[in-house]
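Trainee: Heads up: the protein sequence lines correspond to chains A and B, in order.
Residues are numbered in my numbering as their position in the first sequence, beginning at 1, plus a constant of 115.
Residues are numbered in my numbering as their position in the second sequence, beginning at 1, plus a constant of 115.
If you're looking for bench data, these hints aren't it; they were derived computationally from the structure.
All clues given are correct.
Repeated chains share a single entry, so a pair holds when one copy, or any two copies, can fit it.
Straight-line Cα separation of at most 27 Å, DSSO-like style, residue types lysine-lysine; simulated pairs:
| hint | residue 1 | residue 2 |
| --- | --- | --- |
| 1 | Lys123 | Lys215 |
| 2 | Lys325 | Lys313 |
| 3 | Lys123 | Lys235 |
| 4 | Lys326 | Lys313 |
| 5 | Lys313 | Lys136 |
| 6 | Lys326 | Lys123 |
| 7 | Lys326 | Lys128 |
Below, each chain spelled out in residue letters.
Number of protein chains: 2
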Amino acid sequence: MITVALAKGALLKDSVERFIKAGLDFSAVLEENNRQLMVPSLCGRARALLVRNGDVPVYVAYGQAQLGVVGYDVLTEHQMPVSHLVDLGFGGCHMSVAVKSSSGYSTASDLPPHCRVASKFTNSARAFFDELDLPVELVHLTGSVELGPLTGMAEAIVDLVATGRTLRENGLIEIDQLFTSTARLIGHPLSLRLDSGKINDIVEAVRTNKKLHNSGT
Amino acid sequence: MITVALAKGALLKDSVERFIKAGLDFSAVLEENNRQLMVPSLCGRARALLVRNGDVPVYVAYGQAQLGVVGYDVLTEHQMPVSHLVDLGFGGCHMSVAVKSSSGYSTASDLPPHCRVASKFTNSARAFFDELDLPVELVHLTGSVELGPLTGMAEAIVDLVATGRTLRENGLIEIDQLFTSTARLIGHPLSLRLDSGKINDIVEAVRTNKKLHNSGT
Chain A
116 MITVALAKGA LLKDSVERFI KAGLDFSAVL EENNRQLMVP SLCGRARALL VRNGDVPVYV
176 AYGQAQLGVV GYDVLTEHQM PVSHLVDLGF GGCHMSVAVK SSSGYSTASD LPPHCRVASK
236 FTNSARAFFD ELDLPVELVH LTGSVELGPL TGMAEAIVDL VATGRTLREN GLIEIDQLFT
296 STARLIGHPL SLRLDSGKIN DIVEAVRTNK KLHNSGT
Chain B
116 MITVALAKGA LLKDSVERFI KAGLDFSAVL EENNRQLMVP SLCGRARALL VRNGDVPVYV
176 AYGQAQLGVV GYDVLTEHQM PVSHLVDLGF GGCHMSVAVK SSSGYSTASD LPPHCRVASK
236 FTNSARAFFD ELDLPVELVH LTGSVELGPL TGMAEAIVDL VATGRTLREN GLIEIDQLFT
296 STARLIGHPL SLRLDSGKIN DIVEAVRTNK KLHNSGT
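Next comes chain A alone, as it looks inside the complex (with noise of 0.2 Å):
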């Protein structure tokens, strides 16, 4: 049976309604009194694990899911081992430094040497700084990272950026983008190898947005 890992929050409805499209349908997982993890497409030729963003690559790299949707965020910043496959256009963001609109920096080079940067994405916020030359000490937050700033602990953060309401409602403004966000689909490379036509249909019909043929899965 195929298994595909699928990140819980903002990117489940956008995977699931593409997945229907190819014929799998793992419409129970966003039922909203669902409490089970591991949920069997209508069909029940494939079946959904309903996991947490960044523990999707691992289920895929362990090969324990052979597909799984994921936001490239999560990809770029834990760099497992899985085959990028189809870039899924939706759940748009972007990966923003920002500061305190009253701080007066307009990008990210104005920022001091060696102050603090709070981000849960500490190697996205690495790799961009050391790419600047700019050093600063980054600090890693779990989540609302919008407080760094806000308590004074931080100069600027790293953060994803969708509607960029949250940085309004705290008085942040962004300076800088180190890239752009989608949901990507990705692949456990074994299998991909290894595969007997299964697993490239449902690839093939995600990537179309056509209906997977039956043939015989």
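For chain A, the structure is supplied; the task is to place chain B on it using the hints.
Mentor: This is chain B only, laid out in the frame that chain A set:
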């Protein structure tokens, strides 16, 4: 103003109650539609920072909060430079090793060498298995660790167990315990050293579970 970092989630209600008894009323953080992350106490002498579990020691270590409440599990996993002040007693749970009930293992040392163990607490798990002299491959997950054995990715998990309900619901049993965890009051070492008495008064009131005397704080 004194800032207290409180962990969202299971410890929040008891933490607020303990501070109310000590004379600092942060009950506004418990209101269902509260979206604020910085909440002043009723008396206006202090404020609470509402952050994720793992971020409490970060805000305290950097001195953005002089005090904080967080589980011992987080403190031992992340080893930040904070002062451990009071064992608050509530939020009791165990850091446990669990396996599928059908596995036949009855203690952690039964696990086969080089097997995979999934955990959110990989530092604590590493220390435990090193002490046992049992080499294992740790797989870091960020949530729903019980899926590790269910999908076949891991032989065992190391996770927090409070009531044991999640384990039972997933056909897992506890076979070993690393340590017992409870909520702890922690402090910023430098703030405590430079304290004119205000912080210490709160610490003493929380420790003795008696109301703060009004010494002009």
